[in-house]
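Given next are the chains, with one letter for each unit.
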Amino acid sequence: MSSNTRNLYLIPYVAWIALFVVAPILLIVYYSFFDVEGQLTLDNYAQFFTPVYLRMTLSSFWYAFLITAFSLLVAYPTAYWLTRTKHKRLWLMLIILPSWINLLLKAYAFLGLFGTYGLVNALLETIGIGARQILFTDFSFVFVSVYIFIPFMVLPIFNSLEELNPSLLYAARDLGASPWTTFRRVVFPLTLSGVKAGCQAVFIPALSLFMLTRLIAGNRVITLGTAIEQHFLVTQDWGMGATIAVFLVIVMALFMIATGERKVRRIR
Amino acid sequence: MKSIVRLFVGVFAAAFALMYVTSLLNSSQGYTGGNTLTIYNWGDYIDPELITEFEEQSGLKVIYQTFDSNEAMMTKVAQGGTTFDVAIPSEYAISKMKEDDLLIPLDHDKLPNMKYIDERFMDLPFDPGNEYSIPYFWGTVGIVYNPDMLDGRKLTSWNDLWDERLRNQILLVDGAREVIGMGLNSLGYSLNDTNEEHLQEAKRKLAALTPNVKAIVGDEIKMLIAGEEAAVGVVWSGDAAEMMWENEKLDYVVPKEGSNLWFDNMVIPRTARNIDGAHAFINFMLDPEVAARNAEYVGYSTPNAAALELLPEEISGDERFYPDAVLTAKLEVYENLGKRMLAHYNDLFLEFKMHRK
Amino acid sequence: MRRTIKWPNLYLIAVFIVLYAPILYLVYYSFNSGGTMREFEGWTLAWYREVFADTRLLIIVLNTLVIALLSAAISTMLGVVGALAIHQVRRRRRKNALLSLNNVLIVSPDVIIGASFLILFTIAGIQLGFSSVLLSHIAFSVPIVVLMVLPKLQEMSPTLVDAARDLGANRWNVLTKVTLPCIKPGIIAGFFMALTYSLDDFAVTFFVTGNGFLTLSVEIYSRARQGISLSINALSTLLFLFTMLLVVGYYLIDQRSGRPAGAEVRR
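Chains as they are written, first to last, in our numbering: chain A, 3 to 270; chain B, 5 to 361; chain C, 475 to 741.
Next up, chain A with everything else stripped away, as it sits in the complex (with noise of 0.2 Å):
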């Protein structure tokens, strides 16, 4: 019925679609198709299937990976015990407050907190550890990436156990359901929608940090968003940087396709 009526919210949706979407990606595939001295050429996509970049492409997906794990790890108990607590609007908002501090500075208050001489390292030799190099190994790159990411897992999560219908709960625990029991068959299964808008809203991004790559990780850890940061500001061979973008933007498709369709299946 619906899809007769004429839908009227595509209008401006589309428009900013074409201007600040297709636009750019058009911009950026006609880039891809140049080399360092603007001849066109497809020198540039030879060049991504050679072994430097697919083994940058490996680890991108590698550490991507971790850090949506390990936000998900933290953050789904986060948002499930928030929900039970007396004011979880409030806690919530506290969860996403450190996000609006400068990344920058957060930054250089983890290269203090993990350094040499830093707090963390003084606590472990308290407690009779003893200090280790911590400042650029993968420990503190996934470490703080996943405290940059989490409020953006905490989020869709903790909105989707707050739809969940509380009679669910009592009538699995009336049925005779264990806790875990409960969240396995009842809780977690209606919240996948939360998790999957947070692993998208993680995962995504995760593939191309760039900043903490240098800051945290001291370039031990090289993504594709590094490489794309280097090609066009460093190098300006824009070319080669709009090609892995061109790659990142198919990836991000073929990733949205698959979530989707089973999202539509599930509904009906």
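If you are wondering where the hints come from, they were derived from the structure by calculation, not from laboratory data. Ideal Cβ positions, reconstructed from N, Cα and C, are used throughout, including at glycine. Careful, some of the hints might be misleading.
[Claimed, not checked] In silico lysine-lysine, DSBU-like type, Cα no more than 35 Å apart, as pairs:
#	chain 1	residue 1	chain 2	residue 2
1	B	Lys158	B	Lys253
2	A	Lys88	C	Lys569
3	B	Lys260	B	Lys158
4	B	Lys102	B	Lys343
5	A	Lys90	B	Lys209
6	C	Lys651	B	Lys6
7	A	Lys90	C	Lys480
8	C	Lys658	A	Lys198
9	A	Lys198	C	Lys569
10	A	Lys88	C	Lys651
11	A	Lys198	C	Lys651
12	B	Lys207	B	Lys343
13	B	Lys65	B	Lys114
14	B	Lys100	B	Lys343
15	B	Lys209	C	Lys651
16	A	Lys198	B	Lys6
17	B	Lys119	B	Lys100
18	B	Lys102	B	Lys334
19	B	Lys114	B	Lys100
20	C	Lys651	C	Lys569
21	C	Lys658	A	Lys90
22	A	Lys88	B	Lys6
23	C	Lys480	B	Lys6
24	C	Lys658	A	Lys88
25	A	Lys90	C	Lys651
26	B	Lys158	B	Lys114
27	B	Lys119	B	Lys260
28	B	Lys6	B	Lys65
29	B	Lys100	B	Lys334
30	A	Lys198	C	Lys480
[Said to hold, decoys possible] Covered, in the sense of this in silico footprint (three residues per stretch, anywhere, with C-beta under 8 Å from a C-beta of chain B), are these stretches of chain A:
#	region
31	53–60
32	112–122
33	131–143
34	218–227
35	236–244
[Stated by the list, open to error] Pair by pair, the computed Cβ-Cβ distance ranges are:
#	chain 1	residue 1	chain 2	residue 2	range
36	C	Asp636	A	Leu21	33 to 43 Å
37	C	Asp636	A	Asn167	17 to 27 Å
38	A	Thr52	C	Asp636	38 to 48 Å
39	A	Arg86	B	Asp152	46 to 56 Å
40	A	Thr87	B	Asp152	46 to 56 Å
With chain A held as given, fit chains B and C onto it using these hints.
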């Protein structure tokens, strides 16, 4: 519904109120009239008091904006939506901007203070006859190190960095030409070498350095070295001066194999509006007394011969930052290697970064 | 029973400690007379005095706030419209196409967004400054709002809309009386996410700003060359306290006046 509307009305009201306050503040600062001069410079690369003095002297209002890389600056200038009257790029960027027709030739008659610049720094290959640019600061690339953390050892050459005792102790600056150049220099090749065999040799040599490299970082390097997070850093001389100012244990050396000599010059970009004002500013910065104060504040080496005489002996006599003729002869200025070669340097650097210990 | 209550609280406390540790670190050093974030030498308020004396910095802070508030509000509106549009599309393939396009800006690295917007503004002849920054912040915040609102729409039972229609409600009434109240949590979440993205953004702003218009993140970045001055710590502390008060204050007001209304809507 009502609460949503209330939220949005509140947000818009707050935003417009803040905008009003901003415009009041802006006009109280005098940033509105047409009589302004926009300067585009590296972050914290000028004594702010000098800007105030220039404003008083010239009656112009200075808008000061900063960039963090030559490339970012060139992108903005090339884009054309901005009006920068004076910019301060490095030498290789100047030759590129010249090629791309992004600069306005200087009118030397309006720059009488040009005569104070040391002859050595005039008429260099990247800008013959100083048609487009006047030197602002210069410096070298070298090694800053903390003798206390190295049991009092002294470093004198690039090859000292490959010492096994420096395991996980070196911080490198995040620059392709600096790091690849270090590899080339350590093998006795030129910084501007484009011979593929030499470059591959340098790459292999750098790969052997990875166990010693703790991290490759940007401007944080100053904080990290001064904070004794690592014992050794490969840095620009100006940064080294700042670190040594903060941590007196540190020492700086220009390696004996030779190194890079760089310049940051003042230019007038094509998009400039206030060209007379731009000349006035450049001339003001060339005044010996002004240049000396600026050099003391920034900590980089001044090309201004008259200003150098005004500086205290402990600065002007410091051979680490004002190297003698013997060492200077070994220093090389980066040549514009062309876009393709530069991209190749960057690829090599990328591979170096990805080389795991 | 006691165990189930205690462990969650401990966990939440741990999460909050970790989240706030770096911020407290910044706050602590804002009182340091030593001048760096390394050694704490003594207590001082000098950095706070410096912040209040610096009109230029104040202008930058205000710029940042104006951009964040305006872009969040406008992009939330656009995003809600977008979510409604996507929701109403019935063809699955078209819907997925729209969704994918929506997400392009989220996947794109900031550098690419910044660079391509820069080219775009050049072609469109838009002067770099306030308007270019505002436009790009709106542009990259819209998709995240859509992502926040869309699940709410999908969870909404379609019978609700049909029932309202049957009872004679027109489109506008359905929208304001049924749909919007149902998706309100999503809208609020979207707004705050947009605010967060805008306040957090550095790379895009860095590309598209010009003519002396600066936001805080760009200013901090350029100051960082020298090693961050502690006056930036002091400023962050002030902003942090301010937002903290705002959040708590908003919550208290909402608690007192908004609760009954909210409960009514939910029913």
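A quick look at each hint next to the structure:
For the given pair, Lys158 (chain B) sits about 12 Å from Lys253 (chain B) by alpha-carbon distance, which is consistent with the 35 Å threshold. For the suggested pair Lys88 (chain A) and Lys569 (chain C), the alpha carbons sit about 39 Å apart, so the restraint of at most 35 Å is broken. Of the supplied pair hints, the one linking Lys260 (chain B) and Lys158 (chain B) holds, its CA atoms being roughly 13 Å apart against a limit of 35 Å. Distance restraint check for Lys102 (chain B) and Lys343 (chain B): the Cα-Cα separation of roughly 14 Å lies within the 35 Å cut-off, and the hinted pair is therefore satisfied.
A threshold of 35 Å between alpha carbons decides the hint, and for Lys90 (chain A) with Lys209 (chain B) the separation of about 58 Å lies outside it, so the pair is violated. Distance check on the hinted pair: Lys651 (chain C) and Lys6 (chain B) sit about 10 Å apart at the alpha-carbon level, within 35 Å; holds. Proposed proximity of Lys90 (chain A) and Lys480 (chain C) is supported: the alpha carbons are some 17 Å apart, at most 35 Å. For a cut-off of 35 Å, the pair hint linking Lys658 (chain C) to Lys198 (chain A) stands: about 20 Å separates their Cα positions.
Using a Cα cut-off of 35 Å, the hinted pair Lys198 (chain A) and Lys569 (chain C) holds, with the two alpha carbons roughly 17 Å apart. Distance restraint check for Lys88 (chain A) and Lys651 (chain C): the Cα-Cα separation of roughly 29 Å lies within the 35 Å cut-off, and the hinted pair is therefore satisfied. Pair hint Lys198 (chain A) plus Lys651 (chain C) holds up; C-alpha atoms about 29 Å apart against a cutoff of 35 Å. Among the hinted pairs, Lys207 (chain B) with Lys343 (chain B) is consistent with the structure: their alpha-carbon atoms are about 20 Å apart, no more than 35 Å.
Annotation: proposed proximity of Lys65 (chain B) to Lys114 (chain B) holds, straight-line Cα distance about 20 Å (limit 35 Å). Restraint check for Lys100 (chain B) and Lys343 (chain B): satisfied, since their Cα atoms lie roughly 10 Å apart, inside the 35 Å limit. With a CA separation close to 71 Å, the supplied pair Lys209 (chain B) and Lys651 (chain C) exceeds the 35 Å bound. With a C-alpha separation of about 30 Å, the suggested pair Lys198 (chain A) and Lys6 (chain B) falls inside the 35 Å cut-off, and the hint holds.
Between Lys119 (chain B) and Lys100 (chain B), the direct Cα distance comes to roughly 26 Å. Compliance with the 35 Å bound is thereby established for this hinted pair. Between Lys102 (chain B) and Lys334 (chain B), the direct Cα distance comes to roughly 27 Å. Compliance with the 35 Å bound is thereby established for this hinted pair. A hinted pair counts as satisfied when its Cα atoms are at most 35 Å apart, and Lys114 (chain B) with Lys100 (chain B) qualifies at roughly 25 Å. A distance of roughly 26 Å separates the Cα atoms of Lys651 (chain C) and Lys569 (chain C); the hinted pair therefore holds under the 35 Å criterion.
Taking the CA atoms of Lys658 (chain C) and Lys90 (chain A), the gap is near 16 Å; set against the 35 Å cutoff, the hint holds. This hinted pair checks out: Lys88 (chain A) and Lys6 (chain B) have alpha carbons roughly 25 Å apart, not beyond 35 Å. Of the supplied pair hints, the one linking Lys480 (chain C) and Lys6 (chain B) is violated, its CA atoms being roughly 38 Å apart against a limit of 35 Å. A C-alpha spacing of about 21 Å is found between Lys658 (chain C) and Lys88 (chain A), which places the hinted pair at or below 35 Å, so the restraint holds.
At roughly 26 Å between alpha-carbon atoms, Lys90 (chain A) and Lys651 (chain C) fall within 35 Å of each other, so this suggested pair holds. Straight-line distance between C-alpha atoms of Lys158 (chain B) and Lys114 (chain B) comes to about 48 Å, which puts the hinted pair past the 35 Å bound. Of the supplied pair hints, the one linking Lys119 (chain B) and Lys260 (chain B) holds, its CA atoms being roughly 32 Å apart against a limit of 35 Å. This hinted pair does not check out: Lys6 (chain B) and Lys65 (chain B) have alpha carbons roughly 47 Å apart, beyond 35 Å.
Pair hint Lys100 (chain B) plus Lys334 (chain B) holds up; C-alpha atoms about 25 Å apart against a cutoff of 35 Å. Restraint check: the Cα-Cα separation between Lys198 (chain A) and Lys480 (chain C) comes to about 29 Å, which is no more than 35 Å; the hinted pair holds. Counting residues of the region 53–60 of chain A whose CB falls under 8 Å from any CB of chain B gives 3; the rule of at least 3 is met. Here's how the region 112–122 of chain A fares: 4 of its residues keep a CB closer than 8 Å to some CB of chain B, so the rule of at least three is met and the hint holds.
Only when three residues or more bring their CB closer than 8 Å to a CB of chain B does the claim for the region 131–143 of chain A stand; here the count is 3, and the claim holds. Counting residues of the region 218–227 of chain A whose C-beta sits closer than 8 Å to any C-beta of chain B gives 5, which meets the bar of three, so the coverage hint holds. Requiring three or more residues with a Cβ within less than 8 Å of a Cβ of chain B, the coverage given for the region 236–244 of chain A holds, as 5 such residues are present. About 35 Å separates the C-beta atoms of Asp636 (chain C) and Leu21 (chain A), a value consistent with the hinted range of 33 to 43 Å.
With their beta carbons about 20 Å apart, Asp636 (chain C) and Asn167 (chain A) fall inside the hinted range of 17 to 27 Å. Against the hinted window of 38 to 48 Å, the Cβ-Cβ separation of Thr52 (chain A) and Asp636 (chain C) comes to about 57 Å, which falls outside the hint. Distance hint check: the CB atoms of Arg86 (chain A) and Asp152 (chain B) are about 54 Å apart, consistent with the given range 46 to 56 Å. As the Cβ distance of Thr87 (chain A) to Asp152 (chain B) is approximately 51 Å, the hint placing it in 46 to 56 Å holds.
Comparing the model with each earlier hint shows violations of hints 2, 5, 15, 23, 26, 28 and 38; every other hint is respected.
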